[in-house]
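Assemble the complex: chain Y is given as a structure, and chain A must be docked to it using the hints.
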Amino acid sequence: MRTFLVLILSLFFFQAKSQLLFQFTWKGEPIRLSTYYPLGEKDSLQFTDLKCYLSNIELQGKGSKNYQISPSVHLINAEDSSSFVLDSVVDTQNFKSISFTFGLDSIINTSGELEGDLDPILGMYWAWNTGYIHYKFVGNSSLVPTATHLFDFHIGGYRKPNKTYFKLEFPLTGSTLELDLYQLFNEKINLNLSHQLVVPGKLAHELASVLKSSIRVK
Amino acid sequence: MRILNLVLFFAFVSYSFVALLTEKHPFYVPKHFPKLVYQFKDVPQGRLRFELGRTLFYDPALSRDSSISCATCHLQYTGFTHIDHPVSHGIDGRIGTRNSPVMINLAWNKFFHWDGGVAHLNAQAINPITNPKEMDMDIVELLKRLNNSPFYRQRFYAAFGDSVITTPLLMRGIANFSVALVSANSKYDKVILKEEGVAFSEQEKRGYDLFKKYCNACHTEPLFTSHAFKKNGLELDPAFKDFGRMTITERKADSLLFKIPTLRNIEFSFPYMHDGRIQKLKDVIEHYSSLPTGNKNVSKELKKIKKPFSEEQKKDLLAFLKTLTDKEFLYNKDFSFPKGER
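Chains Y and A supply the protein sequences, listed in that same order.
Sequential numbering from 1 applies to the first sequence in the working numbering.
Sequential numbering from 1 applies to the second sequence in the working numbering.
None of these hints come from the bench; they were simulated from the model.
Errors might be hidden in some of the hints.
Stated by the list, open to error - Some chain A residues close to chain Y (C-beta under 8 angstroms, calculated; not the full set):
{"id": "1", "residue": "L121"}
{"id": "2", "residue": "T130"}
{"id": "3", "residue": "V140"}
{"id": "4", "residue": "M246"}
{"id": "5", "residue": "T249"}
{"id": "6", "residue": "L256"}
What the hints assert, rightly or not - Cut-off 25 angstroms, straight-line C-alpha distance, at most; resulting in silico cross-link-like pairs (DSS-like, lysine-lysine):
{"id": "7", "chain 1": "A", "residue 1": "K110", "chain 2": "Y", "residue 2": "K163"}
{"id": "8", "chain 1": "A", "residue 1": "K194", "chain 2": "A", "residue 2": "K230"}
{"id": "9", "chain 1": "A", "residue 1": "K306", "chain 2": "Y", "residue 2": "K163"}
{"id": "10", "chain 1": "A", "residue 1": "K252", "chain 2": "Y", "residue 2": "K160"}
{"id": "11", "chain 1": "A", "residue 1": "K314", "chain 2": "A", "residue 2": "K333"}
{"id": "12", "chain 1": "A", "residue 1": "K190", "chain 2": "A", "residue 2": "K306"}
{"id": "13", "chain 1": "A", "residue 1": "K212", "chain 2": "A", "residue 2": "K322"}
{"id": "14", "chain 1": "A", "residue 1": "K296", "chain 2": "A", "residue 2": "K230"}
{"id": "15", "chain 1": "A", "residue 1": "K252", "chain 2": "A", "residue 2": "K280"}
{"id": "16", "chain 1": "Y", "residue 1": "K202", "chain 2": "A", "residue 2": "K306"}
{"id": "17", "chain 1": "A", "residue 1": "K212", "chain 2": "A", "residue 2": "K300"}
{"id": "18", "chain 1": "A", "residue 1": "K212", "chain 2": "A", "residue 2": "K280"}
{"id": "19", "chain 1": "Y", "residue 1": "K202", "chain 2": "A", "residue 2": "K315"}
{"id": "20", "chain 1": "A", "residue 1": "K213", "chain 2": "A", "residue 2": "K322"}
{"id": "21", "chain 1": "A", "residue 1": "K314", "chain 2": "Y", "residue 2": "K160"}
{"id": "22", "chain 1": "A", "residue 1": "K280", "chain 2": "Y", "residue 2": "K163"}
{"id": "23", "chain 1": "A", "residue 1": "K110", "chain 2": "Y", "residue 2": "K160"}
{"id": "24", "chain 1": "A", "residue 1": "K282", "chain 2": "A", "residue 2": "K333"}
{"id": "25", "chain 1": "A", "residue 1": "K31", "chain 2": "A", "residue 2": "K110"}
As the list claims (entries may be wrong) - Okay, the calculated bits of chain A under chain Y, using three or more residues with CB under 8 angstroms as the criterion:
{"id": "26", "segment": "106-119"}
{"id": "27", "segment": "187-196"}
Built from N, CA and C at the ideal position, the CB exists for glycine as well.
Same shape as in the complex, but just chain Y:
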């Protein structure tokens, strides 16, 4: 009986290890919603809503076989830990690299498909300008000078030259994709001067470019 249990447990462990995961991090540590993170010497911030789109994720095999993750559009929502699992079927150890679109490309943005993770009820759809918010970061910080101290960044847009999606590829050195928000909030954004963005444009493109360089495989 004991052997059986160990077998079951080890199977479970093995399965869990091979899952492909996504994680929002702050200086390398997984972010928890409503937890305060220090900013500078005397300020801090907390996130209340973190969302992000990944799409067309593909694993390149060590041989010739590639593996496309289905469905092709994946919305990560910090409130729903099951959304961190990008794929639970495949064993990542059999693949050498991962490619994906960080955000959604212009084809998906304008397809008129409203199914699954593209459903406007998920709060990522921009009705006035067909398209999706690719990355949504909402929270509050002592640095924001308003009464509520709220910050709200809706980063999106698929038109050149201000597109906010990127086709990326990484060697698969681990099974977790991490998006670290420290650089964006500590170096790029000064919450004291700017705490809201709700339209596509140059700033959205700049912020997305910082995010792009804040991704790693671990």
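Same frame as chain Y, now just chain A:
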């Protein structure tokens, strides 16, 4: 006798239902029209889907306080626009900043709204439904409302084989109605298709020649729009601060560019321009006839107009524009308020 009545009644009901099932969706492609833009993924669409879309289009339950429907601002008899109102008003009498556009031959449109902000017909209806100045309805709330209605659950099941109403199903339902609004039976169409006994009058013919020379570059036949965005010489209204296409593209060059509207049924879709600032069609012609030469705020096509038009020419042009009126479309019973029990 009573049993016979009952049997006859059920026979009639099932016959109507079967008739609806087998009857075709009213959308069609007129033979003189260009290639379709809208991709019909789920052909055959079927009459039931069209009827469901029609019911939704005319149902005020789609607005927050159930006071206005899509049809409130898109009336059939005027080419599905809101006549008499320069800009449209929505819930609680809130005033918008734009003239509600006509809904004509939408299956050939790549972009929607005056600024082209919406890129797909299936996604268009989300805007007026959720816009606080229009129907001000939360989509989640609306889905709850519809899913709580046995009538709609049954209708969606019959049309799409699914009684759980979701955003994509709701949008496809509405699009099944709006895509069907094809207008191609005006006098102009009959002349072009060489229908027997129909011909332009001398005045209409002169107007048509003038039209082809000066207007057709933007209001391109047979849809009477090239679907491009142009600057037509109207100054910015400081009350609205509407920069048109630039709001969407963020490009300075797109400032004050608005989508070229179709001229089909233009006789009845007054007032005119994106903010409805011109009341009469003859004044629109006057506007284009009197644009100062050298005005930098106009697109190149408008600079080619030999101005001003003579009084005769203006009348000729107006006479031609009236040949674009399609009464079969404006009074098509398929497109009007749906009869039947709720």
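Structure-based check of all given hints:
1. L121: Constraint on A/L121 satisfied, holds at 7 angstroms.
2. T130: holds (6 angstroms)
3. V140: holds (5 angstroms)
4. M246: violated (11 angstroms)
5. T249: Because about 6 angstroms separates A/T249 from the closest Cβ in chain Y, which is inside the 8 angstroms limit, the hint holds.
6. L256: Hint violated; A/L256 Cβ to chain Y Cβ min 17 angstroms, cut 8 angstroms.
7. A/K110 - Y/K163: Holds: A/K110 and Y/K163 sit about 20 angstroms apart, inside 25 angstroms.
8. A/K194 - A/K230: violated (33 angstroms)
9. A/K306 - Y/K163: At roughly 42 angstroms apart (the allowed maximum being 25 angstroms), Y/K163 and A/K306 break the hint.
10. A/K252 - Y/K160: The hint holds at about 14 angstroms.
11. A/K314 - A/K333: The hint is violated at about 34 angstroms.
12. A/K190 - A/K306: This hinted pair is violated, its Cα atoms lying about 30 angstroms apart.
13. A/K212 - A/K322: holds (15 angstroms)
14. A/K296 - A/K230: Measuring from Cα to Cα gives roughly 12 angstroms; hence the hint holds.
15. A/K252 - A/K280: It is violated: about 31 angstroms lies between the C-alpha atoms, which goes past 25 angstroms.
16. Y/K202 - A/K306: violated (41 angstroms)
17. A/K212 - A/K300: holds (16 angstroms)
18. A/K212 - A/K280: holds (22 angstroms)
19. Y/K202 - A/K315: Measuring from Cα to Cα gives roughly 48 angstroms; hence the hint is violated.
20. A/K213 - A/K322: Since the Cα atoms of A/K213 and A/K322 sit roughly 18 angstroms apart, the hinted pair holds (cutoff 25 angstroms).
21. A/K314 - Y/K160: violated (42 angstroms)
22. A/K280 - Y/K163: violated (42 angstroms)
23. A/K110 - Y/K160: Given that 25 angstroms is the threshold and the Cα spacing comes to 19 angstroms, the pair holds.
24. A/K282 - A/K333: Distance ~30 angstroms between A/K282 and A/K333 Cα, so the pair is violated.
25. A/K31 - A/K110: holds (20 angstroms)
26. 106-119: holds (count 3)
27. 187-196: violated (count 0)
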